[in-house]
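Fit chain B to the given chain A structure using the hints.
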Amino acid sequence: MAGVAAPAAPWRVPDSTPVAPGPGAAPAATPPLLHIDGIGKRFGALQALGDVSLSLRRGEVHGLLGENGAGKSTLCNIVFGIHAPDAGALSVDGAPYRPKDPADALRHRIAMVHQHFSLVDDLPVVDNLLLGQARGVLRRREYADRIADLSRRYGLGLEPFKRIDELTVGERQRVEIVKCLMREPRLLVLDEPTAVLLPEEIRSLLQLCRQVASEGCGIVLVTHKLAEIREVAQRATVLRGGRVVARSDAPDREIDDLVRAMIGRTAGERAGGAGSECSRATPAPAPANRPAADPALMLDGIGVRDADGVERVSNFTLTVEPGEIVAVAGVEGNGQSELGAVIAGMRPPTSGRWFVGGREVTRATPRELTQVGVGVVPEDRHAVGCVLEMSVAENLFLDQLHRYRRHGALDRTRLERDAADLMQRFDVRAKGPGAPFASLSGGNQQKAVLARELTRRPLRFLLAAHPTRGLDVGAVEAVYDHVRSARAQGVGVLLISSELDELLGVADRLVVMYRGRLMGTCPAEPAERERIGGWMAGHAA
Amino acid sequence: MNLPLAARFGGRQARAVGVSLAAVLGSAAVAAVLVATMGLSLADGVAAFADGAWGSAYALGASVNRALALALVGLGFIVAQRANLTNVGGEGQIAIGGMVAAAFALNPHVAALPLGLAFALPMLAAATAGAAWGALAGFLKARSGTNEVISTLLLSFIAVWMLYGSVQSPALLRQPMTSSSTLPESLPIPESTQLPLLGADLGLPLHVGLPVGIALALGVAWVLRRSVVGVQLRAIGLNPQAARRAGIRITAATVGVMAVAGAFGGLAGAMMLQGEQWVLKAGFSSGYGFDGLVVGLLARGSTIGVVAAAMLFGFLRSGGINMEMVAAVPTALVVVMQGLIIVAIAGASVAFEGRRAVP
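Protein chains in written order, with the numbering used here: chain A, -5 to 535; chain B, 11 to 369.
Here chain B stands alone, though its shape is the one from the complex:
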């Protein structure tokens, strides 16, 4: 701690940024080559991508909202990661959050609540339900050592199918069946439960979830870097035996940290429903949980890393969708690019740190 800032952050941090930039640019170049070999116009593709990612106020807002959901899942991931727990259950936690938020928002009593409670309560309920879903995996881990990678993944499948079931059943969340063509999805949630927009006049679809997300990111950064709990989680992650001997409650920490990760996922689900989609349908989580997991992995424990990776992936997704619609470039290309970025960054870190780890 007495070291000058430059010495602590200088080399490693700078290199991490450099590696990430190189990975992004490199994979963009590979993607460009792929577009060209497919016989499509590179210029059209790039223009469509830029247009979709940040070309209009709407596009910009949509990209940021995507990034927000990814960042929330990523934040939960790095909290759990600090205690050496890997939460791969973001997808299911989003589904649970979306489902619970929809159930609350569609309740007329909730929709009638004053003072913004109409939209806040579903969010809180979704976070709580996500926390319970995550805590379940934590409890299994603490109680009988069940690997949390497997339990969170399997719990994800359960949650995703539960959501599917809930929008299929009129007794649950499915909209009233007026004809045989009524889609298996919920009614749109009432306006009072939708997240208020911040820049409606500018045509930016940004909602109050954004400041909430920023506050949470700052909170996570503070907890991990400055709080007693942050140090204790680190001790658990690095040497659980020594942490136990030092009287740190490992069981409570394991359950708690997985609950936090789940709460972040649940909240992401609520924001996706109440901020953008307004209707709960099958396929609601559509891979955000897994992209969020990748965001968390790429961030390597850093909050800033989560924000950066989430932005990158959010813009990539938005641009990719537009690229397919306008320039006939398949979205799969964006997935290829994501993959290349992951491999490049992970490979670079292995190359740099793997070598150092050899005695």
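Only chain A is shown next, with the shape it has when bound in the complex:
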């Protein structure tokens, strides 16, 4: 491992030839800066991390890759003392490290920048940095000087007396980073720092990472954007489902392998593999058979800008025929969520138009979409799909309660009888229709949401966004069986997921989204895997 005496590990610029800082190059005697050994963490029924090991040298930028829910944040939170691991051990510079809380982690000079900032908008930069650090007398001048020093040294361009609400998101993040740097950390954890940044801000952040690392600090950079890893990371670890599925000592050269590890390639492990062949044995009714029918979904040049004016979806055009399953593949954060929000009616597109069954629904409300026959399995089940505190029956018919009115009152007897029917048909296991929705397991919750969305009449089109996230293998199969039977009834389905194997197993056609654009379309055949992987990594066809 890199020696303590040689902190300035050669870090990389985008297209530099690989200088080998490899583990073998340095004397193995000095312990790594951070060593994570067989960490496990369980939250209730969810095994968030299992047997995760990782080590990081001084001066190293270590990329931590993985999809949402892969366990990256949990791992960071363990390093920063927010969670205690159930199993395994950590050590820092060879000494056992078991932080009680973040304050303890900071005492060990381990700092973290969270995805969400903790800044007081109405106070100037300097006061925000004083908070939690200063004791007794406020030496504002002294702090301001230190901030100015750090800002100069790292080219951050921060003015100590500017108020936070006058700063851009990128500048606010730099304030958070300065907050860490003032503690002279030996390890800096950055949890998805680039998710909120504009492209030029990302570049300067990565430059900052290089500089801080060159001074001997270790950096854990969490992201699911591969370009960043390629640019700054000397090493990378990929988490998937809470386990380490790949490591690389030269991520810039092995980026395609990392993509595959991130999205999962092991056939048979998931619903894909063998199952995919079965499903293909009964091919979908070819769209050509019914040329007269209007497409189930037609997106015409859809564009979405977020509140900061960043284009998240650009000029996205796609058609889904009745009885067709089209998959949207791609690494998460490439505009899929925004596209899903448009189709769910939760936000109108900023440009373009879209149609369901030939009717324009560009600015339709969720209610109107339901009336034209749009079912939605939302990406965030808990936030949009259900009301956890209400009963299963109420959730199953939340949008149709008016049909259960008897003498003005809600006819709970009939509601619960119908709910029990639906629960049986969709194999939703719960104590009963009156059980609180929160008491159901994730798989049963998802089956209940599917039951609601697939039994809508009329139903022309179904959007299923990450319908299998967090589900076990059995539940995954059940979900896709229902999706397939919807297809058999002539419903057009748009399936958004980052689980490529699942998509290949169930979809008829596959498109790839990258930075909000449609990169390419191909039949959902395993043989296309290489091409798809390339599109996902941003290589044009």
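Hints in this document: simulated from the structure, not taken from any laboratory.
Where a beta carbon is used, it is the ideal one built from N, C-alpha and C, also for glycine.
Each hint should be verified, as a subset may be incorrect.
Label pairs and their in silico Cβ distance ranges [what the hints assert, rightly or not]: (1) V346(B) x R147(A): 58 to 68 Å; (2) V336(B) x D115(A): 49 to 59 Å; (3) V159(B) x V163(A): 27 to 37 Å; (4) A356(B) x S112(A): 46 to 56 Å; (5) N94(B) x F37(A): 19 to 29 Å; (6) R236(B) x R361(A): 21 to 31 Å; (7) A60(B) x D159(A): 50 to 60 Å.
This is chain B only, laid out in the frame that chain A set:
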């Protein structure tokens, strides 16, 4: 719903009642200690309190009327609360209701209406005006996300000062100025517009507002527990995103629910004017709106809770006023007691439920 009744209501409900009782008794004990330390006679104080709260038919009726106004505001509060909206504008809604009821009642055409319309019309007008006042806050919330706590509170100040202005101006509601000592208040409303008494022979000042209030309480309980709208409001309150996705009209519900809350406040104002005070003066609402808010908060979403808390506060107020007049115990003591009860009940619920909320 298949659960036996006892399992659904048993533990939690019983504990809520126990906690409330303990809070009331505890704060009464503290109040007793305070009376004693002030060197006043505890026995006199207690006797005066009991006398004022329920000692005579008149006192009993006055306490119930106070409770009625508080309960109406509290009912409106829990309706809005179901959709996760907090109406703190009861005071202003009462003022608007009182003002509009006075304007209608003082109109000779209205006073001449037959079939009880003379007193019903001002009440309806007051409820409608209160609804509009409340809907304004709902509209601001739905349209531009203005926090309804702030907007209803500020609208309250506007309404209270509008009332003040209306009784100062002879062009509006002030009685004709016959001398320089004419008070800035309205004429008494005609007898036909006053709420008919129920137990006049018994000397009970109870009026028809009471059965109206009881009917409304039953109505609110039914809407919240049994109706489709009740479930939809609950969905909005618990998860507005999911409710929107399920096609529930959030904007309409927000405006509607605030209108209902305002209507209850307006009606309370009308009943205070037409049932007890008969004259509109500055300071007409005198804190009922804020006490009603506390009633709603303490009820924690339950209609029975509203009735119980309103009764408690109604009797406390009546007894407190008499205690000051007869036994020289300051009314402030009643306010202290109210505060203690609130803190005790709120503290107990945090202690019980806060612990459960920790994962």
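So, going through the hints one by one against the coordinates:
1. Take V346(B) and R147(A): their Cβ atoms lie about 59 Å apart, and the range 58 to 68 Å holds.
2. The beta-carbon spacing between V336(B) and D115(A), approximately 55 Å, falls within the hinted interval of 49 to 59 Å.
3. At about 29 Å, the beta-carbon gap between V159(B) and V163(A) stays in the expected band of 27 to 37 Å.
4. Checking the proposed 46 to 56 Å range against A356(B) and S112(A) shows it is violated: the Cβ atoms sit about 28 Å from each other.
5. Between N94(B) and F37(A) the beta carbon distance is about 27 Å. The supplied range of 19 to 29 Å therefore holds.
6. Judged by the Cβ atoms, the range 21 to 31 Å given for R236(B) and R361(A) holds: they are separated by roughly 24 Å.
7. Between A60(B) and D159(A) the Cβ separation comes to about 57 Å, which falls inside the hinted range of 50 to 60 Å.
Taken one by one, the earlier hints fail for this structure only at number 4.
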